[in-house]
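Engineer: Chain residues, written in single-letter form:
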Amino acid sequence: MNKEKIIEVIKKNIVENLDDLENQEIDPQKSMKEYGANSLDIIEVVSCSMRELNIKIPRAELAEIQNIDQLADKFVEYISK
Amino acid sequence: MSDNILNYSLADFHFNDNPDVLSPPDDFEEWINHPKVSQCFSFFEQQLLEAPRVATRIHSNIDNKDHKIINLTSYNYLGLSTHPEVIQAAKEALDKYGLGSSGAPLLSGTFDIHIELANKLAEFKQKEDCLLYSSGFGGNIGAIQGIMRKGDIMILDEKCHRSLVDGGTLSGAKMLFFDHNSMESLEMMLEKSKGKRILVIIEGVYSMDGDLPKLPEIVELCEKYKAGIYIDEAHSTLMFGENGRGVAEHFGLEHKIGISFGTLSKSFGGVGGFVCTNKRLIRYLKGYSSPWNFSCAISPVISGGLIKALEVATRDSSLRDKLWENTAYLKKHLLEMELDLGDTESQVIPIIIGSSGEKLMNYAAQMQLRGLFLQPVDFPAVPAHSRRFRISASSQLTKQEMDETLNIIEDVIAKGDSK
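If you read the sequences in order, they're chains A and B.
Residue 62 in my numbering sits at position 62 of the first sequence, and the numbers go up by one each step.
Each number in my numbering corresponds to the 1-based position in the second sequence with 81 added.
Everything labelled a hint here was simulated from the structure, so no lab data went into it.
Backbone N, C-alpha and C define an ideal beta-carbon position, used for all residues, glycine too.
One or more of the hints may lead you astray.
Here are the in silico distance ranges between beta carbons for each label pair [to be verified]: (1) R278(B) / E8(A): 34 to 42 Å; (2) P116(B) / N67(A): 33 to 41 Å; (3) M1(A) / E272(B): 35 to 43 Å; (4) K480(B) / Q66(A): 41 to 49 Å.
Starting from the given sequences, assemble the full structure and let the hints guide the process.
Structural biologist: Shown next as C-alpha cells:
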C-alpha cells in the first residue's frame with residue numbers, strides 16, 4: 001500500500017472520530033490537534049488506522065511525531081518491514 | 082514484535098481482537114510473558130512487610146528475599162498513617178463502630194463520625210460543605226460525572242490525573258486538554274468554548290513532575306471567560322499554604338476556587354477522597370454522583386483516624402515544616418549531582434533518566450538491592466523521552482536516611498549516567 005492510500009485511511013479515521021469535520025479537507029501537514037483532537041481522540045485515530053492497515057507500532061515510537069504526514073511515513077516504514 | 086519487545090508498553094494492548102471475550106489479546110500474552118518484559122514488571126506489586134514508614138521492609142521480587150529498606154515511594158508524606166495518635170483514634174472507632182459502614186451513605190452508611198469528618202474538612206478548606214468518597218479515584222470520577230453533562234466543556238491541563246479524565250468520559254462532556262501550564266493554550270481553548278458551561282480542571286501539585294499550576298493567571302483567565310475552577314489537591318493538601326490548606330491557600334486564592342478536591346490516602350494517611358464546594362452543589366451531587374450513591378461509605382475506622390490526622394497536621398506546622406526541610410535538603414544535594422529534577426516545586430521530586438527503559442529498570446534494581454525502594458516510572462505513565470524515578474519526600478526522614486539515600490542515588494544514577 002502506498003503512502004497516499006495510508007493518508008486516506010488516517011483521514012477517514014480522523015473524520016469518523018472527531019466532531020464537525022465531515023466536509024472539511026484534511027491537510028496532512030497539520031497535526032490532529034489542529035483539527036480539535038485531544039490525546040484520547042489521537043489514540044483512537046491511530047489505533048483504528050493501525051488495525052485497518054494490520055500493523056502494530058509501539059506507542060513509544062510515535063511520541064515525537066508532529067503531523068499526519070509523519071505518521072503516514074512511520075506506517076509506511078512498518079508496512080514495508 | 083520480538084526484535085523490539087521493550088519498545089512496547091501497556092499503551093499498545095488496549096484494543097482486543099481476540100474472538101474469545103474471556104481472553105486477553107494474543108500478542109499481549111506474547112509480550113507480557115517475554116522474560117525481558119516480565120523482569121520489568123517484577124518491580125510492581127512487591128510486598129511491603131511492615132507499615133509504609135520510611136524505614137520499612139519489603140519482599141523483593143528482584144532477588145526473592147526480604148530486605149530492610151528506605152522507602153521513598155509511599156505517599157505517607159507526613160507520617161500520619163502510622164502516627165500513634167491516629168492509630169489510637171482508629172482503634173477507638175473500630176471498637177465503637179466495627180470494621181465497615183455496611184451500607185451506601187444515602188440509606189444506612191452515614192455515621193455521626195462521617196458527618197464530623199466532612200464538616201471538619203469543609204471548614205478546613207473554607208467551603209460550605211463536603212462530600213466524602215471511599216476512594217480518591219472514585220471521588221474525582223464521581224464529582225466530575227455528577228456535575229458535568231453532554232454539551233458541557235471540560236478544559237484540563239494535559240497532565241491531569243486519569244481519574245479526572247475517566248470522570249469526563251463518563252459524564253459525556255467534551256474534553257479539551259491545554260498544554261501543561263501554558264496560558265496561551267488555555268486561553269485558546271476557553272476562546273473556542275465561549276457560550277458553553279465550562280469547567281477548568283487543574284491540580285495543586287502535578288503528581289509526576291511535582292510542579293504547581295500557574296494559579297493567579299488561571300484564575301484571571303477563568304474570570305474573563307466565566308469558567309468554573311476545579312482543583313485536585315491530592316498531593317498538596319496539609320502541606321502547602323500557611324495553614325496547610327493547599328496550593329490555593331499558598332497563592333491566596335482559595336475564594337476563587339469553585340470546587341476543591343482532595344484525597345485522604347496521601348498526606349492524610351488513610352484512604353478515600355473528598356470534594357468541597359457550595360452547599361447547593363453538594364446537595365445536587367448527592368443525587369447524581371454514582372460513586373457516592375452506590376458505594377459503601379468510607380470505613381468508620383478510617384474516618385476516626387482521619388479526624389485525628391487532620392487535627393495532628395493542623396494544630397501546628399511542625400510536620401509540614403519538617404517535610405519542607407527534608408525536601409530542601411534532598412533537592413540541594415541531588416542538584417549538586419547535576420541530576421535532572423525537571424521543574425519540581427514540591428515534595429514530589431522526579432529524577433528524569435531519559436528515553437531508555439532498560440537503563441531505568443537497571444538502576445531501579447541496583448538501588449533496591451542497595452536498600453532504597455524507589456520505584457521506576459515508565460511510559461505510558463510519563464512521556465517516552467522522560468522516564469524517571471519519583472521521590473516522595475517525607476517528614477519522617479532522618480538525616481542519616483537522607484544521606485544514605487543520596488549515597489545510593491549518587492553511586493547508581495549519577496555515576497551510572499557518567500559512565
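Engineer: When the hints from earlier in the document are held up against this structure, which numbers fail?
Structural biologist: Nothing - there is no hint that the structure violates, so all of them hold.
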